[in-house]
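Q: Start from the sequences and build out the full structure, keeping to the hints where you can.
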Amino acid sequence: MFTNFRLKVREFFRNYKYIIILVIVALFIIIAVNQFFKNYEEPVIPQTSYKPNTPIINEKEEVPEEEQVPIQEIFDEYVGYCNQKDYQSAYNMLSTACKEAVYPNIESFSKYIDAVFDQKKIYNIQNMSNIDGAYIYRIRYLDDILATGLTGEDSVWYDEDIITVVTEDGQKKLNIREFIKTEELNKVYENDYLRMEIKDKVIQYEAETYHITVTNRSEYTIVIADFSQENEVTLQAGSQTLSYEKEYSNMMVIRPGETGYYTLMFGKDYDLSSETDSLNLNMVRILKSYTGTEETREEELKNAEAIYSVKIDL
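Mapping the sequence shown onto my numbering, position 195 (from 1) lands on 200, and the numbers just tick up by one.
Just so you know, the hints here were simulated from the structure itself, not pulled from any lab data.
Treat the hints with caution; some may be incorrect.
[Unchecked claim] Between beta-carbon pairs, the in silico distance windows are: (1) E64 with S244: 20 to 28 Å; (2) Q234 with Q176: 43 to 51 Å; (3) G138 with E300: 54 to 62 Å; (4) D137 with I312: 36 to 44 Å; (5) L306 with Q124: 50 to 58 Å.
All C-beta atoms, glycine included, are put in the ideal place defined by N, C-alpha and C.
A: Printed below as a string of structure tokens:
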């Protein structure tokens with residue numbers, strides 16, 4: 006019986022040996038493929054929401070597609086010059102208004118470049134808003150890790166700025182250090198005591214600075230702002246009332262017959278605030294005597310020739 010079984014098995018293998026070999030090979034391939042996919046991990050493709058030319062504050066006006074590459078190129082060029090310490094070429098990329106308001110000479114600009122680009126930097130940009138053909142970007146300058154050889158133990162340092170890309174004489178230029186533009190105002194207020202001219206305002210991304218000339222026509226001391234009172238001078242922007250920043254503003258005390266030149270800065274967000282409506286002088290003091298000391302202040306106010314407020318529409 007056992008002999009007959011062996012003969013039948015041998016005969017079976019002889020008749021179907023090619024089929025059996027094919028089945029074994031197929032099983033081997035299936036097992037190998039299954040093992041491969043079991044051990045294979047599909048690479049994770051990083052997902053990013055980084056869209057440098059999509060505004061994150063004012064979404065009404067996007068950067069036109071045809072402007073995106075030229076804007077990227079001008080940032081590349083500017084940062085390249087700064088890394089090379091090619092001060093003149095980088096300075097030439099600034100707008101005329103930016104030079105006049107922020108860096109009137111290349112020496113002051115060079116000091117800024119040396120401070121920020123103390124070693125090779127890379128950068129990234131993010132569009133904030135776009136108004137009247139001016140494209141406002143936040144830029145971050147970061148240490149080039151590949152160049153500096155950081156091991157990961159040190160935190161990556163970065164310097165941040167707001168840069169506006171504008172067109173001047175058909176060429177793209179840059180406004181740096183948060184400078185947006187300068188607006189000529191030439192507003193005049195005058196009475197028997199004084200003549201005030203608000204010459205212009207320098208608009209930065211987070212501030213407005215006014216340049217003012219005041220002539221004292223009287224025989225008295227005129228005090229517009231000596232930092233002794235709250236809200237001596239304010240800016241009205243829609244529902245916002247903004248007081249001047251003492252650290253960046255001048256005291257406005259004008260002696261008889263004198264003419265003074267003054268700067269008043271107000272913290273004001275360019276994208277989130279309304280247009281400026283008026284400059285308000287809330288406590289103009291025409292004083293017969295003035296020492297500027299707290300001890301005599303009450304008596305001087307009591308004997309004042311006049312105290313009044315003025316609203317100057319802008």
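Q: Determine for every hint whether it applies to the structure shown.
A: To see whether the hints hold, each was checked on the structure:
no.: 1; hint: E64 with S244: 20 to 28 Å; result: holds, 22 Å
no.: 2; hint: Q234 with Q176: 43 to 51 Å; result: holds, 48 Å
no.: 3; hint: G138 with E300: 54 to 62 Å; result: holds, 56 Å
no.: 4; hint: D137 with I312: 36 to 44 Å; result: holds, 41 Å
no.: 5; hint: L306 with Q124: 50 to 58 Å; result: holds, 56 Å
Against the hints set out earlier in the document, no violation occurs for any number.
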